[in-house]
Amino acid sequence: MQFPKISNILIINGTDKFLPLSSACLADFKGCKDVCNNLYEAVRVLAGLSDDTGVLLIAPLKELSKEKGSFVSFLERHPNIRCLALHPNRQEYPLVLQQAIWEGKLWPCLGEDALPEAIHWITKHNQQGAVNKQNSSFEPDPISLSTEEIEALFNSE
Amino acid sequence: MSSQPSTILLIGRPQEALRNPDALDAMTVCKSILEGIEQAQSTRFDTIAVVISNIQGQIRQALEALRLSSPHARIILLAKMLEEPLARELTDGFTFIPAAADDYLICPIRVEELRPPAAQSNSPAALTSEREREYQERIRQLEILATQDDLTGLKNRRYLNQFLIQVLALARQYRFPVTLLLFDIDNFKQYNDQFGHSVGDKVLMQAGEMIRHCCRVHDVVARIGGDEFAVVFWDLPEKKTASSVPPQGTERRQQQAKPPREPIFMAERFRKEIAAARFAFLGPQGRGRLTISGGLASFPEDGKTAEELLNRADQALFEAKRQGKNKIMIIGDKNSNYTSASKEGASSSPSAASDKTQKTDTSTQDQPADELKETDSISSSQSPSSRPASPENKL
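As they're listed, the protein sequences go chains A and B. In terms of my numbering, the first sequence opens at residue 1 and continues consecutively. In terms of my numbering, the second sequence opens at residue 1001 and continues consecutively.
Warning: the hint list may mix true and false statements.
What the hints assert, rightly or not - So the derived list for chain A, only partly shown, Cβ under 7 Å to chain B, looks like this:
#, residue
1, 41
2, 68
3, 74
Simulated from the structure, these hints should not be mistaken for lab results. In this text, all values refer to a predicted model and were calculated from it rather than measured experimentally. Beta carbons: idealized from backbone N, C-alpha and C, even for Gly.
Given only the sequences and the hints, what does the whole structure look like? Please build it.
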């Protein structure tokens, strides 16, 4: 399925320590942006949108985990939604959400610094599922350590 | 998700909520609240029934979103007995907090109970609906009669038994304590004989009102016999999180061995309040005439089933009577040591609580205030012969 171009950004501000709106990149986001207070409000807004409208949902992972696996089912019913889960403190969350991250239904973002890049990446790469490595501009470089670094690693004890 | 047109939306598992889940063709069913919000956004419903236990996150937020999705629908909460306080809170509006739902029903219900109220009109259809509404109202009245004590407005024995079974099942799952208090009014029969039954009724009503005020909203207070009352003290289980994983081994045993402090405090407060209260209908000497005796038993230390808890609390109540009345007694550990609840409530250290053999009864300082002849008010159903033998020389 061809994913529609992302034309809206919906933000759940939530009550977590890391609030999406505190991020400068979102505050300055020039696109169409809407803000909700919680997951339920966001689902109501998203359910009212046409399937032709590509949406990026940005929310704290804590907020998305409120109803456990129900949110993942919701995402499965709405392939026009991409979801970026802010996950700064790497706490443990319900297994079903971890699974969704693993399956590429949710994209985790581990900190404020990484947020602009993550938004850029999602809006650019619209393929559902895992990262397509051939197209990815974020493919990691092969590990290469200098001789000094290797020595430091082995002699650290 | 069912897509057939319907005016009733049920959010939750039908098996949990309905007596007749086979009548499901009359409604749309969504398994989760998110699915329900989504469905309500696209379809107009007359009634939306939400099974409270189905919402895992913030229930008020969820209901607000549901209300916005379907502003014309009547939102009815389907609660288990032990969720009734929460359901009541969500349906009662306050000055700054509007009601999150329109009404609540205790599960399981019949599908017919979810039908919307009749429109106010004289058309034949509306008249039929009007009759239906009356019918529903009668059902509601019958439900109240079946669960409520007529005289005091408290819950009745039937409700208490059902509630105990439900709350103990939940307590086993989430490992939270439940404490049962049984108490009766000392020498009640003599008040009846001396002042007449109408005064006796007033005594019961005032005592019922006072115990209600001494308890928390979610504690269940019931009148279970003539002058016998029961209170179930329990705590809302917390969400299952890493921190609420049931403690294991020694830690768990230590946690369970603690005396139930809040119930003891509330029971003792009630005992003192009633002993100091003024009962105008008992004449000029009405102040300080009435006293109560009570027995406490806790899950899981004293009993694991409703029947066991009732028996153990009854034993403690009997012991309170035996020791001169105007006391709340608590059953101690599995060796059936009784101890005065006032002593337990006053002691702050767990070690003091566990050392029951050294306890002396402090509540004897509060002498029974009634001036009637000191005879035991135990009714025939509570005759000493029908009670288990009280442990001796263990105090």
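Hints, verified against the model:
Using the Cβ-Cβ criterion of 7 Å, the hint placing residue 41 of chain A at the interface with chain B is satisfied: the shortest such distance is roughly 5 Å. Annotation: residue 68 of chain A was flagged as interfacial toward chain B, and the flag holds, the nearest CB pair being 6 Å apart, inside 7 Å. With 7 Å as the threshold, the beta carbon of residue 74 of chain A comes within range of chain B, its nearest partner Cβ sitting at about 5 Å, so the hint holds.
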